[in-house]
Amino acid sequence: MIFSHDVVIVGAGGAGLMAALYAKEGGADVAVVSKLHPLRSHTGAAQGGIGAALGNEEEDNWLWHTFDTVKGSDYLGDQDAIEIMCKDAPRTIIELEHYGVPFSRNKQGKISQRRFGGHTRNFGEAAVRRACHAADRTGHAIMHTLYDQCTRQGVRFYDEYQVLDLIMTPDGACNGAVAYEILTGEVHTFHSKIVCMATGGYGRAFKTTSNAHAGTGDGLAMVLRNGLPLEDMEFVQFHPTGLYRLGILITEGARGEGGILRNNDGERFMERYAPTVKDLAPRDLVSQCMYKEIRAGRGINGKEHLYLDMTHVGEEVLLKKLPEITIFSRTYMGVDPITEPIPVAPTCHYAMGGIPTNFNSQVETGNREAIVPGLYAAGECACVSVHGANRLGTNSLLDLVVFGRRAGMAMAQEIEERRRERKLPLPDAPEKRTRDMLEAILSRTEGEPVVNVRTDLQQSMMDNVSVFRNDETLSTAVADMEGLRQRARNVVVRDKGKAFNTELMDAVEIDFMVDYAEAIAAGAHHRTESRGAHSREDYDKRNDDEWLKHTIYQSDCEGNFEFSYKDVVITRFQPKERKY
Amino acid sequence: MKLTVKIKRYNPEKDTAPHWQSYEVPAEPLDSALALLLHIKWHIDGTLTFRKSCAHGICGSDAMQINGENKLACSILVQDIVKGDGDTITFAPLPGSPVIKDLVIDQTRFFEKYRAVMPWLINNTPPPEKERIQSPEDFDLIEDATKCIMCGACTHSCPSTWADPDYLGPAAMLKAYRYTLDTRDEGSDERLGVVDSKEGLWKCYTIFNCVQACPKEIDITRWLSALKRKSVTARL
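Going down the list, the sequences are from chains A and B.
Under numbering that gives the first Met the number 0, the residues of the first sequence are numbered 0 to 579, in order.
Under numbering that gives the first Met the number 0, the residues of the second sequence are numbered 0 to 235, in order.
Treat the hints loosely; a few may be bogus.
[As the list claims (entries may be wrong)] Lysine-lysine pairs mimicking PhoX-like chemistry, simulated, CA-CA at most 25 Å apart:
{"#": "1", "chain 1": "A", "residue 1": "K578", "chain 2": "A", "residue 2": "K277"}
{"#": "2", "chain 1": "A", "residue 1": "K291", "chain 2": "A", "residue 2": "K302"}
{"#": "3", "chain 1": "A", "residue 1": "K109", "chain 2": "B", "residue 2": "K129"}
{"#": "4", "chain 1": "A", "residue 1": "K277", "chain 2": "A", "residue 2": "K575"}
{"#": "5", "chain 1": "B", "residue 1": "K1", "chain 2": "B", "residue 2": "K129"}
{"#": "6", "chain 1": "B", "residue 1": "K129", "chain 2": "A", "residue 2": "K495"}
{"#": "7", "chain 1": "A", "residue 1": "K497", "chain 2": "B", "residue 2": "K13"}
{"#": "8", "chain 1": "A", "residue 1": "K86", "chain 2": "B", "residue 2": "K129"}
{"#": "9", "chain 1": "A", "residue 1": "K497", "chain 2": "B", "residue 2": "K7"}
{"#": "10", "chain 1": "B", "residue 1": "K7", "chain 2": "A", "residue 2": "K495"}
{"#": "11", "chain 1": "B", "residue 1": "K129", "chain 2": "A", "residue 2": "K106"}
{"#": "12", "chain 1": "A", "residue 1": "K319", "chain 2": "A", "residue 2": "K291"}
{"#": "13", "chain 1": "A", "residue 1": "K495", "chain 2": "B", "residue 2": "K13"}
{"#": "14", "chain 1": "A", "residue 1": "K291", "chain 2": "A", "residue 2": "K578"}
{"#": "15", "chain 1": "A", "residue 1": "K497", "chain 2": "A", "residue 2": "K431"}
{"#": "16", "chain 1": "A", "residue 1": "K106", "chain 2": "A", "residue 2": "K319"}
[What the hints assert, rightly or not] Counterexamples of contact, computed for chain B against chain A with all Cβ distances above 12 Å:
{"#": "17", "residue": "P17"}
{"#": "18", "residue": "W19"}
{"#": "19", "residue": "H38"}
{"#": "20", "residue": "H55"}
{"#": "21", "residue": "Q64"}
{"#": "22", "residue": "N66"}
{"#": "23", "residue": "E68"}
{"#": "24", "residue": "T89"}
{"#": "25", "residue": "D105"}
{"#": "26", "residue": "P118"}
{"#": "27", "residue": "T182"}
{"#": "28", "residue": "S196"}
{"#": "29", "residue": "Y204"}
{"#": "30", "residue": "K229"}
{"#": "31", "residue": "L235"}
No wet-lab data here; the hints were simulated from the structure.
We put the beta carbon where it would ideally sit given N, CA and C, even for glycine.
Go ahead and model the full structure; you've got the sequences and the hints to work with.
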């Protein structure tokens with residue numbers, strides 16, 4: 000079938016719903032197409048907070064937030080975009096509150112705020128209470144409220160339709176998407192004036208991750224396959240506190256409420272590495288320090304984990320402000336944080352890189368001047384870049400809502416301006432490439448199952464492209480991709496049916512994963528310096544002379560790729576050595 | 000240990016009726032029930048079909064009947080459901096909605112009921128420049144209800160819902176409670192007009208199945224009783 004809408008949004012997490020809500024309120028006819036029911040999206044798993052200098056607990060200032068974000072990004076974030084985000088933050092949070100988000104409250108009845116890693120007062124003096132939160136289920140509270148509001152506004156949802164390709168005109172504009180309806184196995188064309196990618200992150204490319212099974216980064220591969228670039232893919236955030244072996248997230252808010260990391264000697268080791276903010280140092284730094292402790296033999300009982308000690312924080316704080324992580328620890332580890340320390344290790348958490356966009360969420364072709372007509376992107380799949388080489392906690396939810404909102408408003412305005420235009424005509428057989436791909440998988444009778452390829456890809460990324468990297472590991476990872484690509488294209492599925500064939504979608508996703516995993520590994524190999532979350536053992540210093548620039552990656556998805564560069568926008572804050 | 004995993008299977012393209020199929024699955028006490036299903040799907044039988052996503056109890060995808068009780072597969076561990084080696088675990092779809100395939104149910108009706116209760120904040124007073132003030136005590140009234148992940152475990156455990164498919168059911172009415180009792184909301188008349196009805200609050204006979212089924216341990220019946228009181232007061 001052909002479905003026709005002004006705007007098609009791919010993905011229904013925080014960014015997709017925010018874009019949908021504001022585009023719809025601005026008068027556009029909006030469809031949200033998502034492989035999951037919207038409420039199953041991974042924004043719901045965001046725990047600890049959303050950053051905004053509301054100043055509800057103590058003096059705060061959007062400029063301090065801007066500085067912290069720039070410094071947190073290891074000076075790779077674009078300062079104009081960061082300034083917009085931090086300035087927009089208070090107003091956007093207030094709008095969310097007016098929409099009904101159930102934020103936790105302080106004694107005055109205002110939105111409650113708490114401390115988080117890397118957020119400080121007065122340009123690094125001391126930790127500041129900036130993270131607005133709904134207990135430790137902030138993403139859940141925001142996402143459900145946004146879905147409620149989109150329902151009220153009559154946004155058209157296509158639930159469990161998995162978008163597998165973009166439709167591009169010969170002139171390079173985007174005018175639609177191709178989706179597989181999971182319920183029926185039918186392939187459909189969505190014809191639109193605008194497509195907005197909001198497909199989220201790719202944590203599932205790594206063995207240990209806090210991300211949902213759905214976090215397979217589909218949108219990144221679709222963009223690459225249509226000849227468009229990705230930016231700064233080498234920057235992958237490992238969150239310091241994942242539950243040992245499982246990777247399930249324990250919010251940084253736990254340390255914001257007083258939690259302490261300890262090694263096997265019981266030492267609060269972060270005091271040595273970050274004397275001012277200690278356990279509330281940014282995530283790149285804390286994850287690196289944790290691995291240093293483990294490598295020095297100070298992991299707990301010789302194992303590859305440390306302890307997050309909450310026992311001194313008290314039952315009341317844990318049950319009132321951190322109830323979810325208290326339950327996660329009890330359920331999955333059999334550990335009660337009220338009386339015992341929680342075993343934790345870094346877990347793959349967030350993609351700083353992604354689809355290059357300007358600060359109206361329009362996709363750029365790689366240099367700042369040219370945009371891809373009709374294509375927007377917002378949220379984790381996009382790279383504005385506000386996170387640079389390392390994202391601060393609470394800034395992902397903020398990125399989603401600020402740039403999702405800006406995408407929605409910009410799309411509504413563009414639709415208004417193009418009201419009298421027809422949609423650009425569809426090419427002949429827009430679904431052909433997708434149908435051929437699916438048919439090739441379904442008709443194959445010999446081959447290995449998806450799980451074998453996926454497990455090997457996840458293992459290679461974990462072994463070679465995680466917290467510490469070097470020439471040897473990165474060369475290995477890049478070389479691994481060639482074999483993995485061939486294997487991913489030759490997997491066999493046992494389910495040949497049309498009804499709810501999730502095994503078929505698993506097969507498509509592993510093929511997608513190779514394309515952007517190659518971008519991550521190759522980007523990390525290419526960048527011969529250490530910056531933020533990208534830590535090279537063989538190039539252990541930041542090198543501003545050569546590398547204070549964004550990498551732009553393009554690929555034919557056949558193993559041939561190239562890099563170009565984009566300048567970092569520096570306005571107020573000149574790069575300095577980063578100390579906490 | 001090794002477990003026998005018995006699954007109620009149904010493929011609409013092949014089967015006229017559901018049937019049980021058993022698999023032998025290696026397991027550790029700390030594995031989640033979801034891990035058993037993933038093991039089967041990935042290593043034994045790729046046709047086995049179920050929804051899943053976050054795998055730690057916040058997305059609400061994988062509510063199903065496990066050993067006869069509605070649970071989130073990702074949030075219950077092997078050690079919580081079996082005694083030891085050779086034991087059997089059964090999986091079936093949530094009861095009370097049409098089955099699409101294997102453990103996947105059709106949630107159309109479930110979300111229609113959600114939409115029916117006007118599940119959004121209604122407030123036509125122009126908002127202040129800053130946030131609307133809400134005391135911590137007032138927030139406490141709704142916090143428990145805001146934990147709802149819309150997994151459907153409650154509504155599909157409710158005998159009143161099984162008996163009357165038009166009954167709104169606990170999940171939708173909990174949503175009505177969450178907004179009606181929100182001190183920022185001005186839409187209680189409209190919303191109570193929907194839930195103060197024969198297919199609404201008064202078909203809740205306080206059986207408490209919903210409370211027992213809720214994976215987020217929400218005190219649903221308590222809040223529905225509070226909503227009943229609110230609707231009676233509103234009528235006076």
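Okay, the hints, checked on the actual structure:
1. A:K578 with A:K277: holds (11 Å)
2. A:K291 with A:K302: holds (13 Å)
3. A:K109 with B:K129: Distance ~9 Å between K109 (chain A) and K129 (chain B) Cα, so the pair holds.
4. A:K277 with A:K575: Roughly 20 Å separates the two Cα atoms, so the pair holds.
5. B:K1 with B:K129: violated (58 Å)
6. B:K129 with A:K495: Status violated; Cα separation ~55 Å.
7. A:K497 with B:K13: With a Cα-Cα distance of about 11 Å, the restraint between K497 (chain A) and K13 (chain B) holds, given a limit of 25 Å.
8. A:K86 with B:K129: At roughly 15 Å apart (the allowed maximum being 25 Å), K129 (chain B) and K86 (chain A) satisfy the hint.
9. A:K497 with B:K7: Holds, because 20 Å separates the two Cα atoms, which is no more than 25 Å.
10. B:K7 with A:K495: Holds: K7 (chain B) and K495 (chain A) sit about 20 Å apart, inside 25 Å.
11. B:K129 with A:K106: holds (16 Å)
12. A:K319 with A:K291: Not satisfied, since the Cα-Cα distance of roughly 33 Å exceeds 25 Å.
13. A:K495 with B:K13: Answer holds: K495 (chain A) to K13 (chain B) is near 12 Å, not above 25 Å.
14. A:K291 with A:K578: Holds, at roughly 17 Å.
15. A:K497 with A:K431: This hinted pair holds, its Cα atoms lying about 18 Å apart.
16. A:K106 with A:K319: holds (14 Å)
17. P17: Since the minimum Cβ distance to chain A is about 14 Å, P17 (chain B) lies beyond 12 Å and the statement holds.
18. W19: holds (19 Å)
19. H38: violated (10 Å)
20. H55: violated (5 Å)
21. Q64: Consistent with the label, Q64 (chain B) stays out of reach of chain A, its closest Cβ about 18 Å off (over 12 Å).
22. N66: Holds, since 17 Å exceeds 12 Å.
23. E68: holds (16 Å)
24. T89: holds (21 Å)
25. D105: violated (9 Å)
26. P118: violated (5 Å)
27. T182: Per Cβ check, T182 (chain B) is inside 12 Å of chain A; nearest 9 Å; violated.
28. S196: S196 (chain B) is indeed farther than 12 Å from all Cβ atoms of chain A, at 21 Å.
29. Y204: holds (28 Å)
30. K229: holds (18 Å)
31. L235: holds (27 Å)
Taken one by one, the earlier hints fail for this structure at numbers 5, 6, 12, 19, 20, 25, 26 and 27, listed in ascending order.
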